[in-house]
Amino acid sequence: MSETSQKEMTGEKMSVTSVSSANPTSAKAISESDIKALPSHDLIVVGGGPAGLAAAVAAFDAGITDVLILERDNELGGILNQCIHNGFGLHTFKEELTGPEYAERFEKLAEERDIPYQLNTMTLDIVPVDIAGTHAGCIVSAVSKTHGYQQFFAKAVILAMGCRERPRGALNIAGTRPAGVFSAGTAQRFVNLEGEMPGKKVFVLGSGDIGLIMARRMVLEGAEVLGVAEIMPFSGGLKRNIVQCLNDYDIPLFLSHTVVDIRGKERVEGITIAEVDDHMKPIPGTEKSFDVDTLLLSCGLLPENELSSKAGVQLSPATKGAVVDNTLQTSIPGVFACGNVLHVHDLVDYVSQEAKLAGECAAEYLEKGAGAAGASDTEGEARIVTVKPGNGVSYTVPSILHLNALAPTTIIRFRVRAVFKRAAIKVTLNGEELMSKKRPVMAPGEMEQVILAKEKIFSALENTNPQGSESVLEISIEQS
Amino acid sequence: MAKEIKELTCINCPLGCALEVTLEDGEVTAVSGNTCPRGEAYGKKEVTNPTRIVTSTVRVTGGTRPVVSGKTKEDIPKSAIFDITDALADAQVKAPVNIGDVLVENIAGTGVDFVATAHVSAA
Ligand code: SF4
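First to last, the sequence lines map onto chains Y and L.
Start counting the first sequence at 1165; every next residue gets the next number (my numbering).
Start counting the second sequence at 85; every next residue gets the next number (my numbering).
The hints are simulated quantities; they were obtained by calculation from the structure and are not laboratory data.
Check the hints yourself; a few may be wrong.
Said to hold, decoys possible - Chain Y regions said to be covered by chain L (calculated; three or more residues, Cβ under 8 Å):
| # | region |
| --- | --- |
| 1 | 1241-1249 |
| 2 | 1347-1361 |
| 3 | 1382-1391 |
| 4 | 1621-1630 |
Virtual Cβ for every residue (Gly too), placed ideally from N, Cα, C.
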């Protein structure tokens, strides 16, 4: 990578002498000796959910034993603790586990290794620091009841903060705002962890997996679920959830429909849905009313990247997660990202796989010294390939390949923009076809992946771009 | 005799083939629409003996949490789902609870135990 693009990617760094005062927690200047006085760790993992745990375990197994996990909640396991349904781990453990059981497997792995963690600990800031003009690591500040305000120096950081639900403010529904409107995830927490039922007669807006799972959950707890509306012409959830959560309980799914009105003064008394046209505008005359006391919103998830963006990590507008290379390293050297904070996954198995890679790459970074990926190799400049989402593809992770850090195989995960039937995934490098894979059905709700062999990438580069100037790998969908 | 065609969606892979299962006198005589043998097996089982794992929660007394999650240890007949949720509505266990502990034995007479899928410590 050229010097200038490295700078662009890295963004603003905190240098030892001049500290940006825009950042209140780092307002006091930090000297090299201050940094050296801080408790230091080779690796800090922010988040103790499935991604953080798998990443910490993988880094440990790769030889990095000085790891600390910081978890905001009062237990490890993250969102899995409230996902009490089964279907987790089919790929990883070849059995169907519930969320808490899946989490427990990884908690055990971390415990067996005695990997330290702090619960109820909110990470406030991650600030990259230079010592003598070279990137040295990050100062991570956190606060908890037991330890108060703490600052650590970490040579490497793995971001594993997960995601949160899209805020309901983003939904423009007419009518009043009475009590009884919940996000599906909040309702899940109420029912599964606190044993409280949010309502008796329920409608669900949005057919994401949590919405589908909660529709069934409410029925099992004795509520009546009158329907699920989805504004898109297809569901955003997994097929098995449509069948086992809706069809099993005769819950109707209204595709291309949205909620246009909420009634009720103090408590929801009813809602109205309507069909939408191709521009997502409600079609007059198609309204249907339902008398319900509860509306659950399942309108998608967003990676939780406030910390990353404050740290100066470059984010992708498509994923809302960090821009990463094939080692899952972000634009800040030694800062890696994995799991739902990187891009929202539908299978926890993929989260675990991705997190393992992040842990291993962080370990390699720590062993080889700063800038393992993308550092200049002996040939001079480190070469990169930009990964571009082509026709029908909304994003790819990673979006950069550092050739000097290429593993024998590279997995590129992506989502398609719409439902494609009998189509092919085509991968080209500088226009030359690397692979083409037929897929009978692809949908935005199910993440796709291609696995590329290192030799193939290199031989295609030889043919198309021996000079090593800008190379582009493109993934696109071709309808046959 | 009575010939019946049932339509369902195979859930064994994202393809989600639309299956048509033909039943004659309650016996499956044909499965169509499947792309692979897994679809045929699924279709047969779904119309003759559909089963599910049921996951839910059970009230906990004296614990750090008011409920603990659990599941039927094995598949149960789909028709027994609501008998199970009825039984769970009345069930109560004492903390501490560990993963795998039996919360309700032989739930709703299915011959299957309902077991804990999470820990709850004593308060
Ligand atoms: S029949 Fe085979 S290909 Fe079709 S959905 Fe089932 S498992 Fe997938």
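Okay, the hints, checked on the actual structure:
Counting residues of the region 1241-1249 of chain Y whose CB lies closer than 8 Å to any CB of chain L gives 3, which reaches the minimum of 3, so the coverage claim holds. Here's how the region 1347-1361 of chain Y fares: 5 of its residues keep a CB closer than 8 Å to some CB of chain L, so the rule of at least three is met and the hint holds. Only residues whose C-beta sits within less than 8 Å of a C-beta in chain L count toward coverage, and the region 1382-1391 of chain Y has 3 of them, enough to reach three; the restraint holds. Interface restraint, the region 1621-1630 of chain Y with chain L: violated (0 residues with C-beta to C-beta distance below 8 Å; minimum three).
Taken one by one, the earlier hints fail for this structure only at number 4.
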